[in-house]
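2 protein chains.
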Amino acid sequence: MGKPTRVTNRVRALRFAAGEMTQANLADRVGVTRQTVIAIEQGRYSPSLEMAFQIARAFNVPLDDVFQYPEVK
Amino acid sequence: MGKPTRVTNRVRALRFAAGEMTQANLADRVGVTRQTVIAIEQGRYSPSLEMAFQIARAFNVPLDDVFQYPEVK
DNA sequence: ACGAGATGTCAGAGATGTTTGACATCATGT
DNA sequence: ACATGATGTCAAACATCTCTGACATCTCGT
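Line order of the protein sequences matches chains A and B. The first sequence begins at 1 in our numbering and counts up by one. The second sequence begins at 1 in our numbering and counts up by one.
FYI, nobody ran anything at the bench for these hints, they're computed from the structure. Any given hint could be a false lead.
Identical copies carry no separate label here, and so any pair may be met within one copy or between two of them.
Straight-line C-alpha distance at most 25 Å; calculated SDA-like pairs for lysine to any residue [to be verified]: (1) K3 / A13; (2) K3 / D65; (3) K3 / E71.
Sequences and hints are given; from them, build the entire structure.
Now the structure itself:
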């Protein structure tokens with residue numbers, strides 16, 4: 001619905017790297033719904049800052065490891 | 001309006017540190033309105049991830065230098 | 001063949017973030 | 001005294017993000 005975001009992320013990769021972590025697992029850990037995880041993995045929109053922090057924490061990595069913002073506009 | 005956020009920020013400090021940067025200046029640079037800058041500086045809500053990235057870029061610092069997320073919940 | 005788990009789609013309702021515009025206060029300089 | 005710029009408040013419209021729930025597809029194990 002929203003305009004596609006410029007922010008990219010490595011959520012899916014990190015999730016697999018973390019072992020048997022499913023979308024539902026991650027959603028639980030972060031405290032959001034599976035829908036939201038799906039939408040983010042697909043880059044349909046960028047999450048709120050709070051959620052971005054929580055996701056990074058779920059993987060125990062800094063925020064910049066999960067989300068990237070392209071150089072210029 | 002929104003529930004107060006857990007995310008804290010150093011926008012105001014960075015703005016002063018950057019010299020004569022006013023709220024309106026920053027808002028322009030980042031592409032948002034002055035209202036939004038005010039609300040964020042006051043911690044009334046946390047910005048979107050995109051905006052957080054843009055703000056960090058406006059100050060030429062990493063995102064974690066501007067926004068912090070407290071340890072636990 | 002069947003059931004269960006993981007991923008995905010769709011649509012609508014609800015919550016949060018952003019804009020617009022009008023106006024108030026304080027400090028500064030002329 | 002007046003004008004200007006910087007900061008702040010308020011309220012309502014608007015945009016974006018998140019949730020709920022129902023359902024489809026694929027894979028895997030039994």
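Quick rundown of the hints versus the structure:
no.	hint	in the structure
1	K3 / A13	within (24 Å within a copy, 32 Å between copies)
2	K3 / D65	within (23 Å within a copy, 28 Å between copies)
3	K3 / E71	within (19 Å within a copy, 32 Å between copies)
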